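Novice: Protein sequence lines, in the order shown, are assigned to chains X and W. Quick note on numbering: the UniProt record's numbering labels position 221 of the first sequence as 221, and the sequence is numbered without any gaps. Quick note on numbering: the UniProt record's numbering labels position 260 of the second sequence as 260, and the sequence is numbered without any gaps.
Derived from the structure by calculation, the hints contain no laboratory data. Bear in mind that the values here come from a model prediction, so they are computed numbers and not experimental data. Positions of the beta carbon are idealized from the N, C-alpha and C atoms, including for glycine. Do not rely on the hints blindly, as some may be mistaken.
Listed next, the in silico DMTMM-like pairs over lysine to aspartate or glutamate satisfying Cα-Cα at most 20 Å (straight line) [unchecked claim]: (1) K60/W to E378/W; (2) K41/W to E388/W; (3) K254/X to E378/W; (4) K396/W to D32/X; (5) K60/W to E403/W; (6) K33/W to E53/X; (7) K214/X to D450/W; (8) K214/X to E310/W; (9) K33/W to E203/X; (10) K106/W to E293/W; (11) K60/W to D453/W; (12) K254/X to D453/W; (13) K140/X to E203/X; (14) K41/W to E231/W; (15) K33/W to D151/W; (16) K396/W to E378/W; (17) K41/W to D202/X; (18) K214/X to E16/W; (19) K60/W to E310/W; (20) K214/X to E403/W; (21) K140/X to E53/X; (22) K41/W to E203/X; (23) K436/W to D450/W.
Derived CB-CB ranges, DEER-like [stated by the list, open to error]: (24) E378/W to R89/X: 15 to 23 Å; (25) R261/X to D179/W: 58 to 66 Å; (26) L195/X to L438/W: 51 to 59 Å.
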Amino acid sequence: MRVALFITCVNDTLFPGTGQAVVTLLRRLGCDVEFPQAQTCCGQMHVNTGYPEEGRLLARHFVDVFAEYDAVVAPSGSCAAMVREQYPRLTRATAPAAVPAAGTSADATVAGVAPAGRVRVPSSGGPVSFADEVAALTPKVYDLSEFLIDVLGVTDVGAYFPHRVTYHPTCHSLRGLHLGDRPTRLLEQVRGLELVPLPGADECCGFGGTFAVKNPAISAAMCGDKVHNVVSTRAEVLCAADNSCLMHIGGTLKRQRTGVRIMHLAEILAATEVTR
Amino acid sequence: MSGGNNTFLGMPAFPENAAAAVQNSQLRFNLRKATHTIRGKRAGVVAELPDWMELRQAGKEIKDHTLRNLERYLLQLEEAVTEAGGHVHWAADADEANRIVADLVKATGETSVVKVKSIATQEIGLNEALQAEGITAYETDLAELIVQLGDDWPSHILVPAIHRNRSEIREIFQDKMADWGRAAPEGLTDEPSALAEAARLHLRERFLSTKVAVSGANFMIAETGTLVILESEGNGRMCLTLPETLISVVGIEKLLPSWRDLEVFLQLLPRSSTGERMNPYTSAWTGAVEGQEFHLVLLDNGRTQVLADEVGRQALRCIRCSACLNVCPVYERAGGHSYGSVYPGPIGAILTPQLRGMSSAVDASLPYASTLCGACFEVCPVAIDIPEVLVHLRGKAPHARAERLGMRAAGWVLNRPGRLGRTQRLGSRLRRFVPKRLPGPLSGWTNTRDIPDIPAESFRDWWNRTDGGAR
């Protein structure tokens, strides 16, 4: 199985340690991982801010980079959700109007129109639309915890992390990917780790990509409440499966001098007696 | 005078309204308490039904089917209502609807009407339009009465006075009730039962003396021409039965094909809105009842335009339950008035810009009044994918030039791995010069948060240098 890492542009640029932890962890579990150098960004910021054309270009690029792999693993719930949820919509938007021209049968319409997103002609078979390529790729894109539990079939990854930890399930991992309790099941198996529940865990932290910039007052109020809940757990570490949300909450935790550290799930799962 | 959409015109954009609202600690406290209470109640009664997801799917499909065949069912409804002795009027927009209602009231020779809580009539600013014609409209829904007496705007679909607490309500009753009819009793306390009794006495006079009523409807049934209202206080039933003339103003999307379809919605709506298994009062009427004259005003006001948008049209499935408001973290902090419309919260953020267009500052900002957290979609009883519609509308919203340039530049960098790598290395080299507080539009973020340190090396450079950690 050829497994590609999709490290995401935010992790690549600002949180390289998370990507390194993913590599360490997956190698320890016997996985041979590749990092396709051509990867850039899933396009979430553009699409969610209202720039679907730019987003579509980045989606096109993403599909070209990752189409050949058997699995794509991302340490980000929101970027994985972007690919799985939004890419099919982006391809629908490029598809031609479903109204057949007068006199053509429905069958002729399906075969006869050239979709705007059509780019590749594979070696065998007929032309493949962008929608087909996306449909083929999206089931192979996994968030890290899904890949560990659903594909590799492990919950005990051999980690050791003797600290008090609380977990924030980010909105996109909760309601976009439906990760459920996968991340906490993984954390519960970490030796030495004390997992404490976060009050109001399923409430949004107020990041929302450009929302934090466009609606700073509401965003700050939401994050303030989230931080209040984090501090109330007396945890040393706030863990999540998405560094964007962690950056947002962590920025406030730091500004308020709370002393609570942020760590990506991958970093805790990669930790062992040797590293800590 | 309170109410209609005209009052909202010229409002600043959502972020400014919300920034002011979030400073109001009383408002935040009231909203947090109310929305958390009702969201807990909703979750409890929804969990009781093992087939909730099937019901939700059925609600979605019935609504979609109706919307796809709207013209056919509307004509069927018109025929059935007429057959049953009612009169049907078609209103393309707010002005036409208001004119029809004003003319109908004037024809009765009356100068006042009682109203059942109706969001459609608030959408078109009916109370103000009637006032201009010398007709006074009296709200009879308790929360709507509070809003009207307080010369205020509704801020929630189900609980229009959710932003008021009971001591504020007591003050409003004491100060204003006398101007509108029977005064508040002496020594009124802020006990809920005392406030309810004051409203009951005030309204009773109104019900018994007014000969014309204006209502909305939760559902219209095409096969029989029946209108249905679900309510909690009984004021609706008084308005529907006592007056000699009943005028119902209803959005064309409130249609259901048959009585059988109602079964689904009588389960979905009360559980989603008030967190009850069944609402206390369900009233249904078909055409003109004995001695009563009945008029139905079918309101378009932008709805057919919404129907033409393949993604956006799902907003027309909305049954106005307000579950999305009660779970929305943005609504909870911004309050209903920030949305500049009678439709606040997540559903308002997608419905208002579609009904009104995005030419005003507040309407253009509404698609951005969400973090896309998805809580609204999860609770919606007719499965409106609100985040999907928000993103779709953002694609159509006007963008500021600076943002457009920034997004294009980011797209240019991100479109090639080489450009991204060079930008990362430039950032790393300059990382000591990145200020802790960013300028311009990004300052909103760094006002309350520390930006993360830029690492010395990006992941891709680390991978290349160490051969993926092997060296």
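Novice: Of the numbered hints stated earlier in the document, which are not met by this structure?
Specialist: 2, 3, 4, 5, 6, 8, 11, 13, 15, 16, 21 and 26
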